[in-house]
Structure formats: structure tokens, C-alpha cells
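Participant: Spelled out, the chains give:
2 protein chains.
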Amino acid sequence: MSESPYTLHCSSSESGARRGELQTRHGTVQTPIFMPVGTQATVKAVTPENLKEMGAQIILGNTYHLYIRPGHRLIEKFGGLHNFMHWDRPILTDSGGFQIFSLQELAKITEEGASFRSHLDGSKLFLAPEDAIEVQQVLGSDVMMCLDTCIPSPADRKTTEDSTALTGRWAKRCRAAHSNREQLLFGIVQGGMYEDLRRKSAEEMVATGFDGYAIGGLSVGESKEQMHDMIEATVPYLPKDHAVYLMGVGTPEDLVEGVWRGVDMFDCVMPTRNARNGTLFTSTGKVVIKNSRYREDEKPVDERCSCYTCRNYSRAYLRHLFVSREILSYHLNTIHNLHFYLALMEEIRTAVENDSFGRFRKDFYGRLESE
Amino acid sequence: MSESPYTLHCSSSESGARRGELQTRHGTVQTPIFMPVGTQATVKAVTPENLKEMGAQIILGNTYHLYIRPGHRLIEKFGGLHNFMHWDRPILTDSGGFQIFSLQELAKITEEGASFRSHLDGSKLFLAPEDAIEVQQVLGSDVMMCLDTCIPSPADRKTTEDSTALTGRWAKRCRAAHSNREQLLFGIVQGGMYEDLRRKSAEEMVATGFDGYAIGGLSVGESKEQMHDMIEATVPYLPKDHAVYLMGVGTPEDLVEGVWRGVDMFDCVMPTRNARNGTLFTSTGKVVIKNSRYREDEKPVDERCSCYTCRNYSRAYLRHLFVSREILSYHLNTIHNLHFYLALMEEIRTAVENDSFGRFRKDFYGRLESE
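Chains as they are written, first to last, in this note's numbering: chain A, 828 to 1198; chain B, 828 to 1198.
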């Protein structure tokens, strides 16, 4: 291990919240941060320029999807994922483990790796931990993730124990296969809903040694309390001088609560997917834009928001686009929701810097309840 | 009639091509011009800012669609179509006649007006010529069109004669109903595929007196030769100091040939619809982006093009987006196709100014044949 790519700037005096930065070969990311999801070499419905205007510092790519289509070897010919998709800021790629589990009913996990079928044409595929690293190295992402195993939720202790142990052995193999040290590699802590297994997994990952640590297997149907408990059962066993990434989470409230408990990085399809379904996030709660109450509503989606959509369009116009199934609806809704998430994280960073995150959190919930 | 809103700058010495401008209350439009189609208060898949970056001077709105959804009275509450959709340059609205004819198998045309059913909910609707003007005045477009009647193609002489005569009577009623003189009103010449009926219709429209004149009922299945014949049978009978608008046309070749014969304005869904179907226009012909020959193609869509899409993305990436059905595909393809059309018209304007349009036309076909 070389020195940590994460630098801690300051910590909250009243919570686990941290303000720091992560150095990558495509630039430095200010944390805590939310990463928009760009599954198929595009953040759905927006351009890289739109993302920059919203303040996106780093995006996520899905290794499973890119491996299947267009294939990492094709992307390699274009000089990597950044060049292929015209994005010159950092990219984090997941390992494919979660997609193999969630898209594939018939995925088979053995000691060696994961056998599964393409969701596109049903062809048989196999991914070993070493393959997951090779694919990500070829994609050229800034932050790579170890291949992990996922389990249904809830899962019994034995299933969880076995799966977590296998994730630990795979993590060692990923670490050994990691040859391009310009790309960072994060380990993933599993352990299901068992506090002691979370601790054990965290300690194992730290012993193996990674550039950062992720918390996986959450936001899979458990209660908010359980999720918070599992974060709290993990973070204390991770080194303070490394970034902590909570995978696949979550709602705006989840982000606030994650930061409160020491999380530095988040990703989730929620802002982009909800945008396409017509559900918009605002500082006072969700707006379901198809509702007839917005038919003649001249207000922007969120009067507190400064995004392109809120600066230029009324709720009535956005409702018209959505009920008319216009493509511009997906574009404008996505811009708003991502801007909302990214602006929220920026406010959180400022609050942690000023050591006023407790006050910020209280105001955040106060606005939600004002609706 | 006040003085003409059209100013002729210069004419081609070798063809009917003209270089001029049309004054409207939202600004002056340099002609010849192509107008992107914004059917439902949006040019599909792009923002007004995208349109401006591409050089769009004026767009088209469809009265029929807006009348049905969201309704012109709702748009009126938002200060008109410009404010509603965040577009501050000129808008031309059609009258709804063509949509009533083409979307409605059961439309019934009487002397009084058109009875039809909503394509959304089947409700019975009625539009008289006076209503078409009122709706367009409420929408606040810069250029309004008379309600005309359309006929199947081919149509016999009697059918064509009756329909054209009714269009003439409706045009007089539209003219009488036109109370807001800040909005321009264009008459529509019909006459099917009969040269003498075209001339008769043109003379009638000129006698009624409009701010500009359109040629309707073309690009409905007739041959290119027939289309050219009908344009040539019409333009000589229209006043040289008024704009000529060829409705719903066409391919890039149609634009060149239309300008050659004296047309100043065009609109067509072809660039936007083809973009969404993955057919891209280039200076050397069409590119069907899903074709496997583009799988690893690092070139831009058109090496001669300076649009945002061609500056930043390869054919291979655009193919990936299209086969993956990503929304960004529609956005980037639409930007390219509209830019291609608008840049073509800009080149045409320059060529007419320099009186080199014959040479331009020859080069244009030369490039197409080079593929």
C-alpha cells in the first residue's frame, strides 16, 4: 500500500461527519460526495456538460453492463471509458457483483467466481475476481471495486457468514490482481445484518489493505434503523485516513444520516430513475409531477433550487411534458433531481466545514416537515 | 394589408433562389430558413438553449396538438406559448388542418368547419376557420396559418377543385378573424397536382391578401418531379415582396430544390424523427447508426459537421447509445440532424448572397455521390 489517496480536512464535533478529499488520476474529489450513476457509459438523459454545470465531480459506471455491451475491449480501443463517453473527470466503476446477483436469477457463485447469463442474449458468462479487476483496469476507471458476493435480504447467519467469508477471499485475489496502481481499488465490507460479521469483514478488508473501503449489502429492504446500525457497526473499524463509501444509497435523508455516521461517498440510481418516473426531489419533499394539482402551477419545482430546470420552467410545463411522454421531460427532470442531490452534498460539505452539521440536519428535517 | 413583413435582399441570377428576411414581433428571421418542428410545446429531445446553439431562428408549433393538450387556454395563463416553453425567438403555428386530416380517419369537413375526435381520448371536437385563428392568437405565435382542407393523394380533379375552393373561402374567413395584427397570417395555396388549380388558388390567396404565402398539400406521396412542377406552378403567381413557405418539406435535397424554385421557408419532422430512429444526415448521405459497420468507428457522424455531437462523440459511441436505447441517443442524434439542416440553410443563404447557388447545388450533389 502506498499512502492513502484520502485527506481528512476536518471532522464534526457532534457527529461522525467528515470533510475531506479523494485524489484520483482525473482530479480531486471533495467529500462527502454523491456520484451520479452512468450505467451504460451515460448518465441517463443528460450530457457530460450538463453534469458539470450541476457540479458533478465524479460519476459511477457499471462494469457488468459495460462488459456485456459494448464490451470492455471495444472501450479499450477508444482509450478507455473516459474518452469513449466524453467525460474527463473521475469515474468509479463497481465490480459487477451486485448486478450479477440482482439481474440474474440463475447466477451461480463458486469459490472460483460467478457464472451467469447475459441479460441481453442469455449467453453464458463467467467472472472471476481477477477478471473483474482486469475489466475495470481496461475501462480505466479512477476507482475500482473488488468483486463481492451478494445475498438475499433477510439472510440467515450461516448464509451471511459464508458469503462474507468468500467476499473476503475474493478481495485478497482482487488485491493481488491489481497491477495498475494509478487506479485506486476499494474493498467492500459485507456481513449482512449481523453487527459482529460487519466488524469481522471490516477488519479483514483493512488487513488486506485497500485505497478506500465501501459498505455493501445495505438498502436491500432492511429498516432505516438496521441500516444505521450496520453503518455504525462498520465505520469504527475502518481507518480514519481512508474514504468510506456507502454503496447504492439512497434517499436525501439517507445521505444526511450516512454523513452523520462517517460516510464520505454515495451513489444511487434514485435521483435519475425517479426523474424518469416523474418524481422530483425538493427541499420540502417529493413532487409527483403528473398530479393534476400541478396543471396550472406557475412555480418552479423547488423555489429553493437554482438548477437550469427550476430557473426556466414551471411545474405546469414539466407536467405537460411528462404526461405527453416527451423526451425533454426526462432531461429536465434528471437535471433537477441530480442538481438537488449534488447541491445537498455541497451544503453538507459547507456545514461540516463550519462545524454546523447538527444545525443543518435539523433545518433539513424542518423543511421536509413544513410541507 | 400593411406593408409586407418580408424584405428581399437579393435574387439568384441563375435560379429562383432569394435571400431575404422576415420581420416578426420576436425578431427578424434570415431566409431561406428551415424551422425545427416543436409539436407539443417542445422540439423533441432538445432544449431551447440547444436550438439556439444550433442556430435555430424560428420554430414551428402544432396548433392541433396544443389545442388538445395542454389546451390553448392553459398556455394563455402562462402568457402564451413562448413563455410556457421558454423560447423567446419567433414561432410559427400551423392551423391544425393537416393534423385533423392525417390523424383523424373520421374527420368530417363541412362549409362551417372541421369536426373530428381527439386522438387522445376520442372526445368530439369542432374547429371553424375563426377558431383556428383564435387559438393561434391565444397561443401568441409570430406567424399564424389559415385553416385549410387536405385531401388524399392522388385525388381526382373534382375532389381537388372542391377542396381547394373551400380552402379559399376559409382563408377569407381566417383573414376576417385576424384581429391581432402584431401576429402575421399566411394563406395556404392548395390545388393538389393540378397546375391550373395551383395557379387559381395562388391568385385567390393573393387577392384575399396575406402577410406571406404557403404551398400546402405537397410531399404527400407524389414524385419529386410532380412536387417541383407544383412549386413552379405556384411561385410565379405569388408576390415577390412576400415570403414563400413550403409546408412539411422535406429532405436536404428537397430544401435545395425548393430554394432553387423560390421557396424561403421550410419545416419538416424529418430531421428530428429520423434522429430518434437512428438515421443521421451527413454531407455524403445518410448514416443508419445501428449498423454494425459503425461498431468500432472512431469518426464523427460527419467530418464536415461542427455540431456538439460531431465535436465530442464517435459513431461507435452513438451506435452504442442507440442500440442500448439510451435517452442520450435521441438527444445527441437530434442535435446533429437539426444542426445539419440549419447549417445547410446557412450555407445556402451565403451561396445566394454570393450569387453562387448554382455552384453550391452542384457541389452539394457531388458530395452526396462521393459516398
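Do not take every clue at face value.
Calculated cross-link-like contacts (lysine-lysine; reagent style DSSO-like; alpha-carbon spacing at most 30 angstroms) [to be verified]:
hint : chain 1 : residue 1 : chain 2 : residue 2
1    : B       : K871      : A       : K1117
2    : A       : K1113     : B       : K904
3    : A       : K879      : A       : K935
4    : B       : K985      : A       : K904
5    : B       : K871      : A       : K1126
6    : A       : K951      : B       : K871
7    : A       : K1117     : B       : K879
8    : B       : K1051     : A       : K1126
9    : A       : K1051     : A       : K871
10   : A       : K985      : A       : K951
11   : B       : K1051     : B       : K1027
12   : A       : K904      : B       : K1027
13   : B       : K1051     : A       : K871
14   : A       : K951      : A       : K935
15   : A       : K879      : B       : K1117
16   : A       : K879      : A       : K1027
17   : A       : K871      : B       : K1113
Just so you have them, the derived chain A footprint on chain B, three or more residues with Cβ under 8 angstroms [unchecked claim]:
hint : stretch
18   : 854 to 864
19   : 1118 to 1128
20   : 1149 to 1159
Label-pair restraints from in silico Cβ distances [unchecked claim]:
hint : chain 1 : residue 1 : chain 2 : residue 2 : range
21   : B       : V1096     : A       : G898      : 32 to 42 angstroms
22   : B       : S945      : A       : P981      : 46 to 56 angstroms
23   : B       : T937      : A       : S945      : 55 to 65 angstroms
24   : B       : S942      : A       : K1117     : 24 to 34 angstroms
25   : B       : R1152     : A       : D915      : 56 to 66 angstroms
26   : A       : K1126     : B       : G1112     : 45 to 55 angstroms
27   : A       : K951      : B       : G1112     : 36 to 46 angstroms
28   : B       : G1185     : A       : K1126     : 48 to 58 angstroms
29   : A       : A992      : B       : R1138     : 45 to 55 angstroms
30   : B       : F953      : A       : K1117     : 49 to 59 angstroms
31   : A       : D948      : B       : G906      : 50 to 60 angstroms
32   : A       : E1123     : B       : L930      : 25 to 35 angstroms
Bear in mind the hints are in silico, worked out from the structure with no lab data behind them.
For glycine and all other residues, C-beta sits at the position ideal for the given N, C-alpha and C.
Participant: State for each hint whether it applies.
Facilitator: Status of each hint after checking the structure:
no. : hint                                  : verdict
1   : B:K871 / A:K1117                      : holds, 19 angstroms
2   : A:K1113 / B:K904                      : holds, 25 angstroms
3   : A:K879 / A:K935                       : violated, 40 angstroms
4   : B:K985 / A:K904                       : violated, 64 angstroms
5   : B:K871 / A:K1126                      : holds, 23 angstroms
6   : A:K951 / B:K871                       : violated, 39 angstroms
7   : A:K1117 / B:K879                      : holds, 29 angstroms
8   : B:K1051 / A:K1126                     : violated, 49 angstroms
9   : A:K1051 / A:K871                      : holds, 28 angstroms
10  : A:K985 / A:K951                       : holds, 29 angstroms
11  : B:K1051 / B:K1027                     : holds, 22 angstroms
12  : A:K904 / B:K1027                      : violated, 63 angstroms
13  : B:K1051 / A:K871                      : violated, 40 angstroms
14  : A:K951 / A:K935                       : holds, 11 angstroms
15  : A:K879 / B:K1117                      : holds, 29 angstroms
16  : A:K879 / A:K1027                      : violated, 39 angstroms
17  : A:K871 / B:K1113                      : holds, 26 angstroms
18  : 854 to 864                            : violated (count 0)
19  : 1118 to 1128                          : holds (count 3)
20  : 1149 to 1159                          : holds (count 8)
21  : B:V1096 / A:G898: 32 to 42 angstroms  : holds, 35 angstroms
22  : B:S945 / A:P981: 46 to 56 angstroms   : holds, 50 angstroms
23  : B:T937 / A:S945: 55 to 65 angstroms   : holds, 59 angstroms
24  : B:S942 / A:K1117: 24 to 34 angstroms  : holds, 30 angstroms
25  : B:R1152 / A:D915: 56 to 66 angstroms  : violated, 26 angstroms
26  : A:K1126 / B:G1112: 45 to 55 angstroms : holds, 48 angstroms
27  : A:K951 / B:G1112: 36 to 46 angstroms  : holds, 40 angstroms
28  : B:G1185 / A:K1126: 48 to 58 angstroms : holds, 55 angstroms
29  : A:A992 / B:R1138: 45 to 55 angstroms  : holds, 51 angstroms
30  : B:F953 / A:K1117: 49 to 59 angstroms  : violated, 29 angstroms
31  : A:D948 / B:G906: 50 to 60 angstroms   : holds, 52 angstroms
32  : A:E1123 / B:L930: 25 to 35 angstroms  : holds, 26 angstroms
In summary, the structure is inconsistent with hints 3, 4, 6, 8, 12, 13, 16, 18, 25, 30 from the numbered list given earlier, while agreeing with the others.
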